[in-house]
Amino acid sequence: MDANYIAMIVTLIIWCGIFFYLVSLDRKVNRLEKNREG
Amino acid sequence: MWWKLIIFAGMSAVIIAAFVTPSPMNPENSLGPVDIYRVFYFHVPQAWIASLAFIVSMIYSIRYLRTRDIRYDIRAATANRLGLIFAILATVTGSIFARMTWGEFWNWTEIREVSIFVLLLIYGGYFALRAAVADPDTRANLAAVMSIIFAVAALFLIFVIPRVYGAFTQHPTDSIIDRGGQITMGPTVRIIFFGSLAVFTALFAWIYRLSVRVADMKYRAETE
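In order, the protein sequences belong to chains H and Z.
The numbering used here puts the first residue of the first sequence at 1, with every later residue one more than the last.
The numbering used here puts the first residue of the second sequence at 1001, with every later residue one more than the last.
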């Protein structure tokens, strides 16, 4: 397999990890803010 | 949620385009493997975000000094933290590029590498100072003054010094705009590059907003 495709797949996996981590953090912060207000 | 999906799709598209399209460097002019020049699509936006974060920090530091509102100090510190992270990422990607094209990860006579090292040191000093001062008002005052001075120094180190001492750098200087002010990239490279800049900026805005919310909550928990 072309090295460029391997690099692309690895970069995409890292990006997906960062994105879903940020989404989960966002949800957690929303929940904490709602708890504080409640 | 829709804007998060746009960021996700945008960054995924940039990554795919960066590796699927031909390298941004002409093979005849390439130093080392031509594919390493693909790092351009990530390295330059990382350096741009670091500069943007330092400017954001400077703006909030000025607002803090005018109002003495601690929320602005929190925003300034958060921007500097993200700026430092993106500056480290730009240094790492630049160092990999240097190894593949110039033969070494680090060269102390390369003015671009020395200037980014100085920048990392001064922002390391900023966080050392924040950690060393216990009183929140004194810390915020000192940090705001440092942040303003350091932001000016950062822009000087990133944009001015490497150009003034052009003889001491191998770093490409005309890869985006030439000395005549014309964009030097081809149409495909231009689309991917400016797309990458836009997506990195949106990603920074998201991470910054999230970090500020976390820092605000932490501050409220500590003070209440």
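It cannot be assumed that every hint is accurate.
Now the stretches of chain H that chain Z is said to cover, found in silico as 3 or more residues with beta-carbon under 8 Å [unchecked claim]:
{"no.": "1", "stretch": "4-14"}
{"no.": "2", "stretch": "21-35"}
Derived pair list, reagent style DSS-like, types lysine-lysine, alpha-carbon separation capped at 30 Å [stated by the list, open to error]:
{"no.": "3", "chain 1": "H", "residue 1": "Lys34", "chain 2": "Z", "residue 2": "Lys1218"}
{"no.": "4", "chain 1": "Z", "residue 1": "Lys1004", "chain 2": "H", "residue 2": "Lys34"}
{"no.": "5", "chain 1": "H", "residue 1": "Lys28", "chain 2": "Z", "residue 2": "Lys1004"}
{"no.": "6", "chain 1": "H", "residue 1": "Lys28", "chain 2": "Z", "residue 2": "Lys1218"}
{"no.": "7", "chain 1": "Z", "residue 1": "Lys1218", "chain 2": "Z", "residue 2": "Lys1004"}
These aren't lab readings, by the way, just hints derived from the structure by calculation.
Virtual Cβ for every residue (Gly too), placed ideally from N, Cα, C.
Violations among the numbered hints, reported as their numbers in ascending order: none
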